[in-house]
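Asks: The hints should help you fit chain B with the ligands onto chain A, whose structure is shown.
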Amino acid sequence: MIEHRPMVTFVSHLVLIFGVAIIAFPIWITFVASTHEAARMVQIPLPLLPGDQFFNNLELTLFKGLQGAGAPPVGFMMVNSLVMALMIAVGKIAISLISAFAIVYFKFPFRMGFFWMIFITLMLPVEVRILPTFEVVANLGMLNTYWGLSIPLIASATATFMFRQVFLTIPDELLEAARIDGAGPMRFFVDILVPLSRTNIAALFVILFIYGWNQYLWPLLVTTDQSMYTVVMGIKQMLEAAEQSPDWHQIMMTSLLAMLPPVFVVVFMQRLFVKGLTETEK
Amino acid sequence: MAEIHLNKVHKSYGEDEVLHGIDWHIRDGEFVVIVGPSGCGKSTLLRMIAGLESITQGEISIGERVVNDLEPAERDIAMVFQNYALYPHMSVYNNMAYGLKIRGLPKDEIERRVKQTAEILEIGDYLKRSPRQLSGGQRQRVAMGRAIVREPSVFLFDEPLSNLDAKLRVQMRLEIKKLQQRLGITSVYVTHDQVEAMTLGHRLMVLNGGHVEQLGTPIELYERPATKFVAGFIGSPSMNFLDANISESGKSIEFSGGNALDIPQSLSSQANRRLTIGMRPEHLRVDESKSQTTAHTVHVVEHLGADTLVHGSFGNGGSDLTVRLNGIRTIDEGEVLPLAIDPKNIHLFDPESGKRINS
Ligand SMILES: Nc1ncnc2c1ncn2[C@@H]1O[C@H](COP(=O)(O)OP(=O)(O)OP(=O)(O)O)[C@@H](O)[C@H]1O
Ligand SMILES: [Mg+2]
Numbered sequence: 001m002i003e004h005r006p007m008v009t010f011v012s013h014l015v016l017i018f019g020v021a022i023i024a025f026p027i028w029i030t031f032v033a034s035t036h037e038a039a040r041m042v043q044i045p046l047p048l049l050p051g052d053q054f055f056n057n058l059e060l061t062l063f064k065g066l067q068g069a070g071a072p073p074v075g076f077m078m079v080n081s082l083v084m085a086l087m088i089a090v091g092k093i094a095i096s097l098i099s100a101f102a103i104v105y106f107k108f109p110f111r112m113g114f115f116w117m118i119f120i121t122l123m124l125p126v127e128v129r130i131l132p133t134f135e136v137v138a139n140l141g142m143l144n145t146y147w148g149l150s151i152p153l154i155a156s157a158t159a160t161f162m163f164r165q166v167f168l169t170i171p172d173e174l175l176e177a178a179r180i181d182g183a184g185p186m187r188f189f190v191d192i193l194v195p196l197s198r199t200n201i202a203a204l205f206v207i208l209f210i211y212g213w214n215q216y217l218w219p220l221l222v223t224t225d226q227s228m229y230t231v232v233m234g235i236k237q238m239l240e241a242a243e244q245s246p247d248w249h250q251i252m253m254t255s256l257l258a259m260l261p262p263v264f265v266v267v268f269m270q271r272l273f274v275k276g277l278t279e280t281e282k
Numbered sequence: 001m002a003e004i005h006l007n008k009v010h011k012s013y014g015e016d017e018v019l020h021g022i023d024w025h026i027r028d029g030e031f032v033v034i035v036g037p038s039g040c041g042k043s044t045l046l047r048m049i050a051g052l053e054s055i056t057q058g059e060i061s062i063g064e065r066v067v068n069d070l071e072p073a074e075r076d077i078a079m080v081f082q083n084y085a086l087y088p089h090m091s092v093y094n095n096m097a098y099g100l101k102i103r104g105l106p107k108d109e110i111e112r113r114v115k116q117t118a119e120i121l122e123i124g125d126y127l128k129r130s131p132r133q134l135s136g137g138q139r140q141r142v143a144m145g146r147a148i149v150r151e152p153s154v155f156l157f158d159e160p161l162s163n164l165d166a167k168l169r170v171q172m173r174l175e176i177k178k179l180q181q182r183l184g185i186t187s188v189y190v191t192h193d194q195v196e197a198m199t200l201g202h203r204l205m206v207l208n209g210g211h212v213e214q215l216g217t218p219i220e221l222y223e224r225p226a227t228k229f230v231a232g233f234i235g236s237p238s239m240n241f242l243d244a245n246i247s248e249s250g251k252s253i254e255f256s257g258g259n260a261l262d263i264p265q266s267l268s269s270q271a272n273r274r275l276t277i278g279m280r281p282e283h284l285r286v287d288e289s290k291s292q293t294t295a296h297t298v299h300v301v302e303h304l305g306a307d308t309l310v311h312g313s314f315g316n317g318g319s320d321l322t323v324r325l326n327g328i329r330t331i332d333e334g335e336v337l338p339l340a341i342d343p344k345n346i347h348l349f350d351p352e353s354g355k356r357i358n359s
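Protein sequence lines correspond, in order, to chains A and B. Everything in the first sequence is counted per the numbering used here, starting at 1 for the first residue and increasing by one. Everything in the second sequence is counted per the numbering used here, starting at 1 for the first residue and increasing by one.
So that you can see chain A by itself, here it is in the shape it has in the complex:
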């Protein structure tokens, strides 16, 4: 729709700017808070312009952590978060690709039964099955390990379902051409199915990485050892653990740092991401 009425343009921009401001303001405050000393952050009024302590705070937060708060250095927690998010994203994609491959391309007894079993797990996210899952993970001795953090979050119906839909759009003749060319099932999978799902894999990776990174409840349960803390739960820990008034400058710096990796992933994979969600041509 193209219109040339200045009033409409003006109003719509106003609305947009207002919306952006609402979303951006808290992030601005977070940034501002991370650039001041601790003392400045407890005075009223709160500063609205950045101070000069950014790099100090950055170093303090990344490598020392909150003294007395029982939280490890944030750099450490970021590594944990990164490992967990990557394991979840990569694991989910790998498992879903393979199970969708089995469900779409192989005939075996109770095939649709298995499909529906996988599908029904959509109704059982971690939050719902948290106690039994904890029990299992504990019994397997996976508390305070990366495996314990990621495996229960890996099995995924959404991704399996999505890949199934992608595979169903790939014409049968492609499989037949590959069979005539002499490609066995695994070759077909590796040489043809996976490359053809490339954009979908990228889109899923973005979604799953953020999903994994933002996990809060599950890491809170399975990690008791400080060395396994993740950033997102770490922030909360900092707030509670502080005996005196909270160290806002460090907490805000941590929040800022925790926001960065998802932003990077989205920015770098944006093009593939959009393609993967909208592209229909095969």
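Treat the hints loosely; a few may be bogus.
Said to hold, decoys possible - Calculated cross-link-like contacts (lysine-lysine; reagent style BS3-like; alpha-carbon spacing at most 30 Å): (1) B:K128 with B:K167; (2) B:K178 with B:K128; (3) B:K8 with A:K107; (4) B:K251 with B:K355; (5) B:K101 with A:K107; (6) A:K275 with B:K128; (7) B:K101 with B:K128; (8) A:K236 with A:K64; (9) B:K115 with B:K128.
Hints were generated in silico from the structure; no laboratory data involved.
Replies: Chain B with the ligands alone, transformed into the frame defined by chain A:
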């Protein structure tokens, strides 16, 4: 290069039998065409030869080997699909090379074969492109190239030209024919287009509802169709069919309007019998001498340039009849034309079974 033997081949999907016992011997180097209406089982038969469908009953052999239990890749065949089935994420070069890579051919041999094939098909300039950057005709060539590089002993084509526009189809048809002559590889070609079938095939199989209606050369099928179905299917515009009776003497045919037509051979054994008479539009002519005349009331005239098609109703019975006259004729709607036909060009069919009666 190889012969193909089909021995009482049946195919069922669950309870439904779609092919009811096909026997055929395709000779080495022959170009045969399977033709028939949609849903008659052409693709199914071809895919059984390719190994993409299981064989419910019967036996298929390629060369000396029975291939019933062999994988498609082991049958030494190559197939061209209707929608080309090119790998969309691979370049033209890789599309053609993929099968050879899997077979483990050395790199330089693959390159030599792909280059050589690309030259034959004149697609050398596109080797680095991806399929989506090609036109329909170019994709078609790449699909053929992918088949040719394998140097198979049998080519299988499933309606490879039906996605092309009319002009390109005629051009590619000619190229396929030349290519097959040059390579001399046994080829099985499936189409529902009778012109493609007539022009391409050394021999044709006309399939209808999973049964073989007739096997033979294009000329045999045209001149002596074994059934009414084949008669109507081969030739364009298709054959006219009229109901008629054989006279008591067995020497002439009587139409409902009282017209009669002498026939060359006496059919006295069939005297007084009802039958279906078939006449090709191109065999009917306007009769100046008025012997053997039958009245034809003109409804519509179509000018094709080289020919004129006259659609009208025949005799008093009013059955539809099409006549194809040479050149440009001025004929008015409503005009009554006296028509004649050389008796040797008429085809007689049993109205129930559709089988041919005259020899
Ligand atoms: N997988 C299948 N399951 C059940 N029936 C099938 C299957 N594939 C084909 N058929 C049936 O077999 C018959 C022959 O199909 P086929 O594809 O061989 O037809 P065709 O002659 O190639 O037709 P067209 O010219 O439309 O391609 C059809 O009646 C079809 O419904
Ligand atoms: Mg078909």
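Asks: Next step is simple, just say for each hint if it's right about the structure.
Replies: Results of checking the hints against the structure:
Taking the CA atoms of K128 (chain B) and K167 (chain B), the gap is near 27 Å; set against the 30 Å cutoff, the hint holds. For the suggested pair K178 (chain B) and K128 (chain B), the alpha carbons sit about 26 Å apart, so the restraint of at most 30 Å is met. A hinted pair counts as satisfied when its Cα atoms are at most 30 Å apart, and K8 (chain B) with K107 (chain A) qualifies at roughly 28 Å. Between K251 (chain B) and K355 (chain B) the alpha-carbon distance is near 20 Å, which keeps this suggested pair within the 30 Å criterion.
Our distance criterion of 30 Å between C-alpha atoms is met by K101 (chain B) and K107 (chain A), whose separation comes to about 28 Å. Restraint check: the Cα-Cα separation between K275 (chain A) and K128 (chain B) comes to about 23 Å, which is no more than 30 Å; the hinted pair holds. At most 30 Å may separate the alpha-carbon atoms for a hinted pair to count; K101 (chain B) and K128 (chain B) meet this at roughly 17 Å. The straight-line distance between the Cα atoms of K236 (chain A) and K64 (chain A) is roughly 17 Å, inside the 30 Å bound, and the hint therefore holds.
A distance of roughly 12 Å separates the Cα atoms of K115 (chain B) and K128 (chain B); the hinted pair therefore holds under the 30 Å criterion.
In summary, this structure violates none of the numbered hints.
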